[in-house]
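Build out the structure end to end from the sequences listed, making use of the hints.
The listed protein sequences correspond, in order, to chains A and B. Per the numbering used here: the first sequence = residues 15 to 366. Per the numbering used here: the second sequence = residues 15 to 366.
Simulated from the structure, these hints should not be mistaken for laboratory data. One should not assume that every hint holds.
Said to hold, decoys possible - Taking lysine to any residue and the SDA-like style, the derived pairs with C-alpha atoms no more than 25 angstroms apart in a straight line are: (1) A:K195 with B:K271; (2) B:K195 with A:I120; (3) A:K326 with A:F35; (4) A:K271 with B:V219; (5) A:K254 with B:P142; (6) A:K77 with B:R123; (7) B:K282 with A:F35; (8) B:K98 with B:L268; (9) B:K271 with A:E262; (10) A:K282 with A:N302; (11) A:K195 with B:G154; (12) B:K126 with B:I325; (13) A:K195 with B:I325; (14) A:K195 with B:D18; (15) B:K201 with A:T73; (16) A:K282 with B:L275; (17) A:K326 with A:L179; (18) A:K201 with B:R197; (19) A:K77 with B:E193; (20) B:K77 with A:G225; (21) B:K282 with A:E250; (22) A:K77 with B:T191; (23) A:K271 with B:L268; (24) B:K195 with A:E160; (25) B:K254 with A:K124; (26) A:K201 with B:A198; (27) B:K195 with A:E86; (28) A:K124 with B:K195.
There are 2 protein chains.
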Amino acid sequence: MGGDRGPAVVVAGLSKSAAQFPDVDFLLHGNETELRTYLARHADLNGRVRIVHAERVVTMSDKPSQVMRHGEGTSMWSTIDSIKDGHAQAAVSCGNTGALMAVSMIRLRKIKGVNRPAIACLWPSRSPGGFNVMLDVGAGIEAEAEDLLQFATMGASYARNGLALSQPRVGLLNVGTEEHKGRAELKVAHDRIAAAADVGGFDFVGFVEGGDIPSGRVDVIVTDGFTGNIALKTGEGTAKLISDFMREAFNAGLLSKFAALLALNSLKRLQRRIDPRRVNGGVFLGLNGTVVKSHGSADETGVAAAIGLAIKLARSGFVERLAARIASTGQTGQDLGKEGATSTAQGDGKNE
Amino acid sequence: MGGDRGPAVVVAGLSKSAAQFPDVDFLLHGNETELRTYLARHADLNGRVRIVHAERVVTMSDKPSQVMRHGEGTSMWSTIDSIKDGHAQAAVSCGNTGALMAVSMIRLRKIKGVNRPAIACLWPSRSPGGFNVMLDVGAGIEAEAEDLLQFATMGASYARNGLALSQPRVGLLNVGTEEHKGRAELKVAHDRIAAAADVGGFDFVGFVEGGDIPSGRVDVIVTDGFTGNIALKTGEGTAKLISDFMREAFNAGLLSKFAALLALNSLKRLQRRIDPRRVNGGVFLGLNGTVVKSHGSADETGVAAAIGLAIKLARSGFVERLAARIASTGQTGQDLGKEGATSTAQGDGKNE
Numbered sequence: 015m016g017g018d019r020g021p022a023v024v025v026a027g028l029s030k031s032a033a034q035f036p037d038v039d040f041l042l043h044g045n046e047t048e049l050r051t052y053l054a055r056h057a058d059l060n061g062r063v064r065i066v067h068a069e070r071v072v073t074m075s076d077k078p079s080q081v082m083r084h085g086e087g088t089s090m091w092s093t094i095d096s097i098k099d100g101h102a103q104a105a106v107s108c109g110n111t112g113a114l115m116a117v118s119m120i121r122l123r124k125i126k127g128v129n130r131p132a133i134a135c136l137w138p139s140r141s142p143g144g145f146n147v148m149l150d151v152g153a154g155i156e157a158e159a160e161d162l163l164q165f166a167t168m169g170a171s172y173a174r175n176g177l178a179l180s181q182p183r184v185g186l187l188n189v190g191t192e193e194h195k196g197r198a199e200l201k202v203a204h205d206r207i208a209a210a211a212d213v214g215g216f217d218f219v220g221f222v223e224g225g226d227i228p229s230g231r232v233d234v235i236v237t238d239g240f241t242g243n244i245a246l247k248t249g250e251g252t253a254k255l256i257s258d259f260m261r262e263a264f265n266a267g268l269l270s271k272f273a274a275l276l277a278l279n280s281l282k283r284l285q286r287r288i289d290p291r292r293v294n295g296g297v298f299l300g301l302n303g304t305v306v307k308s309h310g311s312a313d314e315t316g317v318a319a320a321i322g323l324a325i326k327l328a329r330s331g332f333v334e335r336l337a338a339r340i341a342s343t344g345q346t347g348q349d350l351g352k353e354g355a356t357s358t359a360q361g362d363g364k365n366e
Numbered sequence: 015m016g017g018d019r020g021p022a023v024v025v026a027g028l029s030k031s032a033a034q035f036p037d038v039d040f041l042l043h044g045n046e047t048e049l050r051t052y053l054a055r056h057a058d059l060n061g062r063v064r065i066v067h068a069e070r071v072v073t074m075s076d077k078p079s080q081v082m083r084h085g086e087g088t089s090m091w092s093t094i095d096s097i098k099d100g101h102a103q104a105a106v107s108c109g110n111t112g113a114l115m116a117v118s119m120i121r122l123r124k125i126k127g128v129n130r131p132a133i134a135c136l137w138p139s140r141s142p143g144g145f146n147v148m149l150d151v152g153a154g155i156e157a158e159a160e161d162l163l164q165f166a167t168m169g170a171s172y173a174r175n176g177l178a179l180s181q182p183r184v185g186l187l188n189v190g191t192e193e194h195k196g197r198a199e200l201k202v203a204h205d206r207i208a209a210a211a212d213v214g215g216f217d218f219v220g221f222v223e224g225g226d227i228p229s230g231r232v233d234v235i236v237t238d239g240f241t242g243n244i245a246l247k248t249g250e251g252t253a254k255l256i257s258d259f260m261r262e263a264f265n266a267g268l269l270s271k272f273a274a275l276l277a278l279n280s281l282k283r284l285q286r287r288i289d290p291r292r293v294n295g296g297v298f299l300g301l302n303g304t305v306v307k308s309h310g311s312a313d314e315t316g317v318a319a320a321i322g323l324a325i326k327l328a329r330s331g332f333v334e335r336l337a338a339r340i341a342s343t344g345q346t347g348q349d350l351g352k353e354g355a356t357s358t359a360q361g362d363g364k365n366e
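Written out as structure tokens, the structure is:
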């Protein structure tokens, strides 16, 4: 029921996904009467969607703390509960991010050993797969060294299962790549992540800068939720500015318009590579369940991308693999914390 | 002597500036023998440049703290001292940013009332003038509420003198525009900046997000040096990624290349609007002297832009105006801090 464009777009996105994944069934949470109207337009969804009626809706302006206390009976709450109750294997929402995280936290609970969940996004990049992972982009607004270590582990796990990278390269976001730069907690996190790389199944490339986020030298960028959210929105805003300027440039006169026509294929090829709809879907990491947050302004292509991502992660058994990885690195982290020793533990041999 | 491309490019940029500003003379700090070689190629600079010999050079990898203690005799130190001694009215350097800030701090000292200097950058935007100001982008790595208030005052002053905006619109960078969002110090800063807007001669638009940095709804974006630096480099990295992808798209096949030829004017028009060289120059704010940091990788066009910015600010009497503004808002800030009262003081009537 959430999102800036309302449920009609969600149902249209659902229809796109249903065509792509013929063996997946869907639960659609919200006002039954309203949803029936939209479903009626999509005969292809007949028999594949079950409506779970919910009386109330979480709005974009509701405070997360309020929704956490009084959110029962909303479509968001019902969606998360369907994972908790085992009726669904993954959840997708276009609604209020803070509220979705709050409801997910209290209904699904954190994975044992996780202190702070994170939201991971995909970023168009020069890496061979075309995308990098960045986290946290907004679950919290701060992170201690221990949290950043867990983000590294969780982000690497996501990259393995979501991007099929067997040994992801992890970088820690800072204002310079030299080891003496940045805040104190980053220096501590730097050393702990380096020590945990073996057990975590990733390579640690050290500090990376803002300019490296879309680069090919790293697959997973680790940062706190405040910085990550600012970076994500700055990147989106810059891309939007350039594409607007590009449109204006190609509309300035007859020759430009003619050139644009000829260049249509090139421009489309470019558009595909940086299309934000293709990378739609912030994944909640560290919870006992797969929750994907679609951008509030997503159109049906964006919604379908978020649903596809949720399906992919659910099928890979991602949450169980992540929990196992957290359990093993958590042990290393504790050893380090207590004894200040450099870990010599090796990977656990699982292909997670 | 600094910068990634060495002094030849600096001298070439100087030559460009000299043509643009026929009534300005220059002091060139560094190794006299080496600099003479480069100057010999530019007959136009005859009689307009005086070399100030410096034996040593600060490298890009030197630690700021070391340079601060042992930097005497370097070209960087000599450059800053030429402002201190009144031989120059503004300084430009392509060198090590941290070292430049450290040397500027101890040689020029902070303006009375300023707790933390800041580096301000220009950002291509949808604002009528085509640029927004953002600060701090890397002088420090953190900022208290009081510092953010001073950044607002200094950024507004810079926008008035550098962008000719009589009443700049100031926004505070956060992860959401709602007042309950973000870190505790941001909420305090929000209220203090709002209360100081009248005296500071700016309009406060409240919290802004990363996506607003290139927008037309704000002229000055205030944030701490860590976040600002990440945002700046993320924006630059994203713009670079898109322009690389664009080049690849237009090189993929004969028709695309032909289209690119036809679209050349449009592409050039686009390039001009987002050309990072046009906005080259991080201005140090809060010091008793005008120091402009050019990007280390700047070419001659970039160097000339940084020199032009320094000349413009020196001519406007910017440092004196800023000092006056800090004195009046500092008073307001203290009142607020001590009595928790909302300021009712009005502007000081000066046209700063």
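Hint check:
{"no.": "1", "hint": "A:K195 with B:K271", "result": "44 angstroms, violated"}
{"no.": "2", "hint": "B:K195 with A:I120", "result": "20 angstroms, holds"}
{"no.": "3", "hint": "A:K326 with A:F35", "result": "10 angstroms, holds"}
{"no.": "4", "hint": "A:K271 with B:V219", "result": "38 angstroms, violated"}
{"no.": "5", "hint": "A:K254 with B:P142", "result": "17 angstroms, holds"}
{"no.": "6", "hint": "A:K77 with B:R123", "result": "45 angstroms, violated"}
{"no.": "7", "hint": "B:K282 with A:F35", "result": "44 angstroms, violated"}
{"no.": "8", "hint": "B:K98 with B:L268", "result": "58 angstroms, violated"}
{"no.": "9", "hint": "B:K271 with A:E262", "result": "21 angstroms, holds"}
{"no.": "10", "hint": "A:K282 with A:N302", "result": "39 angstroms, violated"}
{"no.": "11", "hint": "A:K195 with B:G154", "result": "11 angstroms, holds"}
{"no.": "12", "hint": "B:K126 with B:I325", "result": "23 angstroms, holds"}
{"no.": "13", "hint": "A:K195 with B:I325", "result": "32 angstroms, violated"}
{"no.": "14", "hint": "A:K195 with B:D18", "result": "20 angstroms, holds"}
{"no.": "15", "hint": "B:K201 with A:T73", "result": "23 angstroms, holds"}
{"no.": "16", "hint": "A:K282 with B:L275", "result": "17 angstroms, holds"}
{"no.": "17", "hint": "A:K326 with A:L179", "result": "14 angstroms, holds"}
{"no.": "18", "hint": "A:K201 with B:R197", "result": "22 angstroms, holds"}
{"no.": "19", "hint": "A:K77 with B:E193", "result": "11 angstroms, holds"}
{"no.": "20", "hint": "B:K77 with A:G225", "result": "22 angstroms, holds"}
{"no.": "21", "hint": "B:K282 with A:E250", "result": "23 angstroms, holds"}
{"no.": "22", "hint": "A:K77 with B:T191", "result": "13 angstroms, holds"}
{"no.": "23", "hint": "A:K271 with B:L268", "result": "19 angstroms, holds"}
{"no.": "24", "hint": "B:K195 with A:E160", "result": "24 angstroms, holds"}
{"no.": "25", "hint": "B:K254 with A:K124", "result": "38 angstroms, violated"}
{"no.": "26", "hint": "A:K201 with B:A198", "result": "24 angstroms, holds"}
{"no.": "27", "hint": "B:K195 with A:E86", "result": "23 angstroms, holds"}
{"no.": "28", "hint": "A:K124 with B:K195", "result": "23 angstroms, holds"}
Against the hints set out earlier in the document, violations occur for numbers 1, 4, 6, 7, 8, 10, 13 and 25.
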